[in-house]
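Engineer: Here is how the chains run, residue by residue.
Protein chains: 2
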Amino acid sequence: MTTVRVYVTLKPSLLDSAGRTVAGSLKKLGYTELSEARIGKLIELKLENYDEARVKEMCDKLLANPVIEDYRFEVVKETVGA
Amino acid sequence: MTTVRVYVTLKPSLLDSAGRTVAGSLKKLGYTELSEARIGKLIELKLENYDEARVKEMCDKLLANPVIEDYRFEVVKETVGA
Chain A
288 MTTVRVYVTL KPSLLDSAGR TVAGSLKKLG YTELSEARIG KLIELKLENY
338 DEARVKEMCD KLLANPVIED YRFEVVKETV GA
Chain B
288 MTTVRVYVTL KPSLLDSAGR TVAGSLKKLG YTELSEARIG KLIELKLENY
338 DEARVKEMCD KLLANPVIED YRFEVVKETV GA
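Read top to bottom, the protein sequences are chains A and B. Using my numbering, the final residue of the first sequence is 369, and nothing's skipped along the way. Using my numbering, the final residue of the second sequence is 369, and nothing's skipped along the way.
Check the hints yourself; a few may be wrong.
[Claimed, not checked] Between beta-carbon pairs, the in silico distance windows are:
1. Y337(B) to D338(A): 35 to 45 Å
2. T319(B) to T308(A): 30 to 40 Å
3. L349(B) to R359(A): 22 to 32 Å
4. D338(A) to P353(B): 14 to 24 Å
5. L316(B) to T319(A): 38 to 48 Å
6. M288(B) to R359(A): 17 to 27 Å
7. I355(B) to N336(A): 29 to 39 Å
8. L316(B) to E356(A): 16 to 26 Å
9. D338(A) to K315(B): 12 to 22 Å
10. S322(B) to K314(A): 36 to 46 Å
11. K315(A) to E356(B): 17 to 27 Å
[As the list claims (entries may be wrong)] So these bits of chain A aren't anywhere near chain B, every CB distance computed over 10 Å:
12. K298
13. L301
14. S304
15. V309
16. M345
17. P353
18. V354
19. F360
20. E361
21. E365
By construction, these hints were calculated from the structure, which means they are not laboratory data. Using N, Cα and C, we set each Cβ at its ideal position, and we do this for glycine too.
All chains, please: the whole structure from these sequences, using the hints.
Structural biologist: Below is the structure:
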């Protein structure tokens, strides 16, 4: 069993309104050192067998919207047997 | 300027319905090697000056719901000047 973490983030050129709201709220709470917050997704997949090309396909087809989002992924751990 | 990445995930004991839906869709698309998907948040903060205790406070007060979510964070890079 392989665990893969996929990180999906909005492209840097796009306005992240959820992130802006979070940053505004944190500043109001007194965290004035904050200059920006951006919010993305973290998707953890557990796979019977890992194939990099297939994970890339999953991201392109369903997990990320390549028009507005960037993604990257990493293999966290492989458990033999289980 | 310091960039901090906060990863917020649902506690493992809780049912992640969004993750289940994603896993179901991926299986329907033919990715039968998938056994589970869980969805969390990735929040990237840009801070004028980094203080670990204050970032922990931000997570507890606003970024995560400690009742149902776990979080961890890491410093990505520090840029001097900028």
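Engineer: For the range 30 to 40 Å, tell me whether the beta carbons of T319(B) and T308(A) fit it or not.
Structural biologist: Holds, at about 39 Å.
Engineer: Examine each Cβ of chain B, and state whether all of them lie more than 10 Å from the Cβ of S304(A).
Structural biologist: S304(A) is indeed farther than 10 Å from all Cβ atoms of chain B, at 14 Å.
Engineer: Determine whether the non-interface label on K298(A) survives the test: each CB of chain B must be over 10 Å from its CB.
Structural biologist: The claim stands: K298(A) keeps its Cβ more than 10 Å from every Cβ of chain B (closest is about 13 Å).
Engineer: Beyond 10 Å from chain B, beta-carbon-wise, is L301(A)?
Structural biologist: Holds, because the least Cβ-Cβ distance between L301(A) and chain B comes to about 14 Å, which exceeds 10 Å.
Engineer: In terms of Cβ atoms, is chain B entirely out of 10 Å range of V309(A)?
Structural biologist: violated, 7 Å
Engineer: So the hint says 22 to 32 Å: do the beta-carbon atoms of L349(B) and R359(A) match that?
Structural biologist: holds, 26 Å
Engineer: Are all beta-carbon distances from F360(A) to chain B longer than 10 Å?
Structural biologist: Consistent with the label, F360(A) stays out of reach of chain B, its closest Cβ about 12 Å off (over 10 Å).
Engineer: Are Y337(B) and D338(A) spaced within 35 to 45 Å by their CB atoms?
Structural biologist: Because 38 Å falls inside the window, the suggested range holds.
Engineer: At the C-beta level, are L316(B) and E356(A) separated by a distance inside 16 to 26 Å?
Structural biologist: At 18 Å between Cβs, range holds.
Engineer: Over 10 Å to the closest beta carbon of chain B is the bar; see if V354(A) clears it.
Structural biologist: Given a closest Cβ separation of 19 Å, the condition holds.
Engineer: Against chain B, does M345(A) hold up as non-interface, every C-beta pair farther apart than 10 Å?
Structural biologist: M345(A) not clear of chain B: closest Cβ-Cβ about 6 Å, inside 10 Å.
Engineer: Taking the beta carbons of I355(B) and N336(A), is their distance inside 29 to 39 Å?
Structural biologist: holds, 31 Å
Hint compliance for this structure: hints 4, 15, 16 are broken, all remaining hints hold.
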